[in-house]
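Asker: Each chain is listed here by its residues.
There are 2 protein chains.
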Amino acid sequence: MTDEKYRKLESLQNEISDITGAIAVLGWDQQTYMPQGGSEDRGDQLSTLARILHLKITSDEIGKLLEDLLPYASQLDPDSDEARLIKVTRREYSKRTRVSPDWVEEFARVTTVAETAWEQARETSDFSIFRPFLETIVRLERDYAQFFAPFEHVYDPLLDNYEPGLKTADVKEIFDVLRPQQVELIRKIMEKPQVDDSFLHMPYPEKEQWDFGVSILTDMDFDWKRGRQDKSIHPFTTSFGLGDVRITTRVETDQSIVSLFSSMHEGGHALYEQGISPKLRRTMLATGASMAVHESQSRMWENLVGHSEAFWRHYYPRLQQTFSSQLGNVDWFTFYKGVNKVEPSLIRVASDEATYNLHIMLRLQLEIAMMEGSLEVKDLPEAWNAGMKEYLGLIPPNDASGVLQDIHWSGGSIGYFPTYALGNLISVQLWEQINKDIPDLEQQIGAGKLGGLLDWLRKNIHQYGAKFEPQELIRRVTGSRIDPKPYVRYLQEKFGQIYKIS
Amino acid sequence: MTDEKYRKLESLQNEISDITGAIAVLGWDQQTYMPQGGSEDRGDQLSTLARILHLKITSDEIGKLLEDLLPYASQLDPDSDEARLIKVTRREYSKRTRVSPDWVEEFARVTTVAETAWEQARETSDFSIFRPFLETIVRLERDYAQFFAPFEHVYDPLLDNYEPGLKTADVKEIFDVLRPQQVELIRKIMEKPQVDDSFLHMPYPEKEQWDFGVSILTDMDFDWKRGRQDKSIHPFTTSFGLGDVRITTRVETDQSIVSLFSSMHEGGHALYEQGISPKLRRTMLATGASMAVHESQSRMWENLVGHSEAFWRHYYPRLQQTFSSQLGNVDWFTFYKGVNKVEPSLIRVASDEATYNLHIMLRLQLEIAMMEGSLEVKDLPEAWNAGMKEYLGLIPPNDASGVLQDIHWSGGSIGYFPTYALGNLISVQLWEQINKDIPDLEQQIGAGKLGGLLDWLRKNIHQYGAKFEPQELIRRVTGSRIDPKPYVRYLQEKFGQIYKIS
Numbered sequence: 001m002t003d004e005k006y007r008k009l010e011s012l013q014n015e016i017s018d019i020t021g022a023i024a025v026l027g028w029d030q031q032t033y034m035p036q037g038g039s040e041d042r043g044d045q046l047s048t049l050a051r052i053l054h055l056k057i058t059s060d061e062i063g064k065l066l067e068d069l070l071p072y073a074s075q076l077d078p079d080s081d082e083a084r085l086i087k088v089t090r091r092e093y094s095k096r097t098r099v100s101p102d103w104v105e106e107f108a109r110v111t112t113v114a115e116t117a118w119e120q121a122r123e124t125s126d127f128s129i130f131r132p133f134l135e136t137i138v139r140l141e142r143d144y145a146q147f148f149a150p151f152e153h154v155y156d157p158l159l160d161n162y163e164p165g166l167k168t169a170d171v172k173e174i175f176d177v178l179r180p181q182q183v184e185l186i187r188k189i190m191e192k193p194q195v196d197d198s199f200l201h202m203p204y205p206e207k208e209q210w211d212f213g214v215s216i217l218t219d220m221d222f223d224w225k226r227g228r229q230d231k232s233i234h235p236f237t238t239s240f241g242l243g244d245v246r247i248t249t250r251v252e253t254d255q256s257i258v259s260l261f262s263s264m265h266e267g268g269h270a271l272y273e274q275g276i277s278p279k280l281r282r283t284m285l286a287t288g289a290s291m292a293v294h295e296s297q298s299r300m301w302e303n304l305v306g307h308s309e310a311f312w313r314h315y316y317p318r319l320q321q322t323f324s325s326q327l328g329n330v331d332w333f334t335f336y337k338g339v340n341k342v343e344p345s346l347i348r349v350a351s352d353e354a355t356y357n358l359h360i361m362l363r364l365q366l367e368i369a370m371m372e373g374s375l376e377v378k379d380l381p382e383a384w385n386a387g388m389k390e391y392l393g394l395i396p397p398n399d400a401s402g403v404l405q406d407i408h409w410s411g412g413s414i415g416y417f418p419t420y421a422l423g424n425l426i427s428v429q430l431w432e433q434i435n436k437d438i439p440d441l442e443q444q445i446g447a448g449k450l451g452g453l454l455d456w457l458r459k460n461i462h463q464y465g466a467k468f469e470p471q472e473l474i475r476r477v478t479g480s481r482i483d484p485k486p487y488v489r490y491l492q493e494k495f496g497q498i499y500k501i502s
Numbered sequence: 001m002t003d004e005k006y007r008k009l010e011s012l013q014n015e016i017s018d019i020t021g022a023i024a025v026l027g028w029d030q031q032t033y034m035p036q037g038g039s040e041d042r043g044d045q046l047s048t049l050a051r052i053l054h055l056k057i058t059s060d061e062i063g064k065l066l067e068d069l070l071p072y073a074s075q076l077d078p079d080s081d082e083a084r085l086i087k088v089t090r091r092e093y094s095k096r097t098r099v100s101p102d103w104v105e106e107f108a109r110v111t112t113v114a115e116t117a118w119e120q121a122r123e124t125s126d127f128s129i130f131r132p133f134l135e136t137i138v139r140l141e142r143d144y145a146q147f148f149a150p151f152e153h154v155y156d157p158l159l160d161n162y163e164p165g166l167k168t169a170d171v172k173e174i175f176d177v178l179r180p181q182q183v184e185l186i187r188k189i190m191e192k193p194q195v196d197d198s199f200l201h202m203p204y205p206e207k208e209q210w211d212f213g214v215s216i217l218t219d220m221d222f223d224w225k226r227g228r229q230d231k232s233i234h235p236f237t238t239s240f241g242l243g244d245v246r247i248t249t250r251v252e253t254d255q256s257i258v259s260l261f262s263s264m265h266e267g268g269h270a271l272y273e274q275g276i277s278p279k280l281r282r283t284m285l286a287t288g289a290s291m292a293v294h295e296s297q298s299r300m301w302e303n304l305v306g307h308s309e310a311f312w313r314h315y316y317p318r319l320q321q322t323f324s325s326q327l328g329n330v331d332w333f334t335f336y337k338g339v340n341k342v343e344p345s346l347i348r349v350a351s352d353e354a355t356y357n358l359h360i361m362l363r364l365q366l367e368i369a370m371m372e373g374s375l376e377v378k379d380l381p382e383a384w385n386a387g388m389k390e391y392l393g394l395i396p397p398n399d400a401s402g403v404l405q406d407i408h409w410s411g412g413s414i415g416y417f418p419t420y421a422l423g424n425l426i427s428v429q430l431w432e433q434i435n436k437d438i439p440d441l442e443q444q445i446g447a448g449k450l451g452g453l454l455d456w457l458r459k460n461i462h463q464y465g466a467k468f469e470p471q472e473l474i475r476r477v478t479g480s481r482i483d484p485k486p487y488v489r490y491l492q493e494k495f496g497q498i499y500k501i502s
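Protein chains in written order, with the working numbering: chain E, 1 to 502; chain G, 1 to 502.
Just chain E, with the same shape it has in the complex (with noise of 0.2 Å):
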C-alpha cells in the first residue's frame, strides 16, 4: 500500500519533471532559434506551461500523498533516494503553498513585463523607465517573506529559492571575511606594473574559436550525444533531462576569445547535469544541489582549470598555432598573465578572478538594503555608484554601465546574485579536497588528461544531483561549511605569483 502511494508520488514527480523540461526546450528556442514575431506566443506558452506545473506541485494529491508517506520516509535510510525525494519534495510542496496564487499571479505579469522595460531601460541608459517596475518587483518580494514569518532575516526566505538552507547572517559573515582580503589584495595588485593583454583585443575569427572551444569540451568529455552547444546573446546551460543537456556560447569576433572561457563555463555547468545519477531520471533530484554548486562547477573549469598555468601549458602551443596571426608573437606565460589581467571594471560578467566578487557583494548590499526597506529604489542609482566607489574605486559614467546592467532583478530574482560568489568559494574549497585526493592533478592537466578531476566530480558531487542540501554536501565532501580561507589563499597566491607580489 505504502508502496503504492511511493510509486503515485514518483509517477507525479515524472510528471513535473517532463513539464519542466518541457518548459526547458521553449527556453532554449527562445533564446536560440526563435524568430523576433515568436516571442508572444512564446510567452503565452510559457507562462501556461509555468501555471501547470505550478497546479502540479501544489495539487492537493501530493500534499496528501506526502502525508500518507510520512510512516513509510521515517523507516527508510535518511540518505536513500527515496527518502530524499520525499524530502525534497515536500520542501517544494510547503513552500509553493504557503504563497497564494494571487502573488504567484501578479508576480509573474510583472516579471514578464519588467523585463522589456529593463531592456529598454538600458539601451537608453534611463533608469526611470525600469523603476516602478523594479518598485513593483521589490513589494513583491517583500510580501514573498511574509509568506515565510517569522524570519531570521527578511531576505531569508529569497536566499532560500537558490540556496536551500542557507541564511542571509552566513552569507554576510562569509563576505565580511572575504571583502577586506580581496580589497587588500586588489590594492596591492594595483600598485604593480600591469600585465599585458594587448593581444587579447583583437579580431579572433568565429569558426576557428568555436572549434577550439568544441575540441576543449570534448577533452572535458562533456558527451556531445547527450547535448550540444549553440550560440546565444547571453550564454546559459538547460538541460531537457539527463540526454539532453545543452549549453550556449557567445563568440565575440571583434575583440576577444571570450567564448572560449565561456564555453568551459558553460561546459562546466554540463557536465553537473550530464553526471547526475541515471537513477535519479525524472524527478526533482534529477537537477544541481543549488545555484552555488552549480556555479562551482562552472567556476572550477572555467578559472581554476580554464584559467591555470597548467591548462596552458598543454593547450597553449595548439591555441597559438590556430591563431598565429594574434599569437604568434605571444609567449605562454605573457598569454597566461594576459587572460589572467586584473583590473577593476564596471561590468560584473566581464571582470577577473580578483574583483568579481567584490561586484556581488555590492548587488548584496543594495538587495538587502531594498529587502530591509532602507534603500528606496528611487535612490538605487545613486546607492550603486557610491558602491561602486567604494568598492572598486569607479564611477559607472552611465545607468547602463552601473544598476542597469543585470537582467537579475527585472525577472524577480532578488537573492541570486550572492550564488556566484559562493560558487567561487565552493570551487576552490573543493579544489582543495580534490588536490588533496588526487596529488598529480596539476601534471594531469598539464598533459590535457582531464579525466581525473572529472571522475572525482562525478563521484563527489555530480552524481547525487539534488539529494543533498548545498551546505550538507560541501561538508559531506570537505568536511567543512562554506569557508571563505581556502579562496582568499588561492587568489593569494596566483596573483601574488602574477604580479610579483611578496
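In short, the hints are calculated from the structure, not lab data.
Mixed in with the good hints, there may be bad ones.
Heads up, the list lumps identical chains together, so a pair's fine if it works in one copy or across two of them.
As the list claims (entries may be wrong) - Computed cross-link-like contacts, DSSO-like style, restricted to lysine-lysine with a CA-CA straight-line distance of at most 27 Å:
no., residue 1, residue 2
1, Lys225, Lys64
2, Lys8, Lys56
3, Lys207, Lys449
Every value quoted in this text rests on a predicted model; they were computed, and no experiment measured them.
Based on these hints, arrange chain G on the given structure of chain E.
Answerer: Leaving out everything else, chain G in the frame of chain E:
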C-alpha cells in the same frame, strides 16, 4: 453571463493552443537539433503534454460550457468567428470524449514503439519486425471506428480526423474518375521518347542550393520575422503560433536540387499558416482547414508555380548562373522538361505529378481493405507488390522500397494518405479559379511577381484558418465540390505539351 462563458471558452482555447504550440516546439526540436540521447526524455515529455492536452479538450468544464453556450451560439451569425469556434470546439470535444481513455493510452504506447520498429524494419527491409505492431495498430483503428458507430463505412471515422466531413464514398468516387485517366495518360507518355534529366543527377553544392531556396522563399513573401528554415531528414512545416511558423528542408548535395522544391512545398504550407487572421490567434481555428487544403497550398507552390514554364522562364537564368558547371549547357526548356520528367517509380515522395496519385490510390485501397478486414497485415507486402504491378507496372525488389517506405502507419496515421491526392486536385481547382480572377497570373509569375497569387490565397483561403470545413471552403471559393476533372485537364495539357501527345 453568456458573454462571460464565451470568454471562459476562449481562455480554455488559449490554454489548449499554448499546449499545442509547446508540443510543436518539442517536435520541431526533435527533428532538427535534438541529440540522440534526448529521445527517451523527449518521448516522455511529449506524451505527458499530449495527455494534459487531451484532458483539457475533454474536460467536463468544456463540456458544460458548450452546453451552456448553445442558446448563445444559436443567436450568432453562423459564419462569425465566435459561432465557428464554438462549433469546432464542440466537434473536437465530442469526437475525443467518445474514445475511451484506455484506447488513447494503448494507442499512444504502441505508436511510440512502432515507429522504432518500423525504422528497424525498413533499415533491414524485414517486414516481420514491423508486422506485429501494425497488426496492433490496425486492430486499434478498427476499435476506434467502433466508437463512432453507426457509420456508412468503417474507414469514415479515420478519414474524418484529417478531412472533417469527408466520407470514404466521396473519395472512392473521386478516385474512380481519376484513376483510369491518369493510367491512360501515363501509358501515352511512356510511348513517347523520354525527356532528358541527366543534369539533375549530379552534385549541387549545399550552400548554393540553400541560398537559392531562401531567395525563392523570400520572393514568395515567406515572413522571416515570423518563421525560419532549418534542415531535417524529412522536410516538414510546423507552427508554434501565428508569429512563428517554421519549415525544414532536406539538402541532398549528391545528386539533385531537390531542396528547392522541398522549400517551395513547405513554404506553401507556411504561407497558409502565416496568413491566418490574427483574430483567430490562440484558438483551435488558427490552423489549416484540413490536411488536403493544406496540401493544396504546398502542392500549388511546389508544382503549379515551381514546376511551371512561367516560373522557370524567370528563374532559370539565375539558377543557371548559380550552377553554371551543372547547367551551363542546358537551355531553360530542357530544364523545365527535365524537372517534369514522368516515370513510374517505386517511391511515393520521389514521384512526379503524373504518377503521384497512383501511389496514394494503392495506399487507400490497402488501408480500406485492412479496415474492412478483407486484408490481413501478414498479406500486406504481397498485396502491396501486386498493387504496384497493377498501378505502376513495377514490382519493388524489397519491402524497404515497397510497403515499408512510409512512416505514416507506424504512427497510427491510417486515413491520412488520401489527403495528399485530394490536395493535388484542390490545388488545380483553386488554380482555375485564380486564373479567372487574375487573368495575367502566368505573366506575373513569368515576371517573378508572386504577390498577386499570395494576395488571392490570403483573401480566399489563408485568413479563415480552420473556420470552415474543407468542403465548405472549397465550395465557397470555387462553387464546386472536390472535383478530379480540373486536375485531369491540367495533367493532360501540361504533359501533352512536354511529351508532344496530340
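Asker: Work down the list of hints and note, for each, if the structure agrees.
Answerer: Right, here's what the structure says about each hint:
For a Cα distance limit of 27 Å, the shortest separation of Lys225 from Lys64 qualifies neither inside one copy, at 40 Å, nor across copies, at 48 Å. For a Cα distance limit of 27 Å, the shortest separation of Lys8 from Lys56 qualifies both inside one copy, at 13 Å, and across copies, at 21 Å. Taking the closest pair of Cα atoms, Lys207 and Lys449 come within 27 Å of each other only inside a single copy of the chain (25 Å); across copies the shortest separation is 38 Å, beyond that limit.
The structure fails hint 1 only (numbered hints given earlier).
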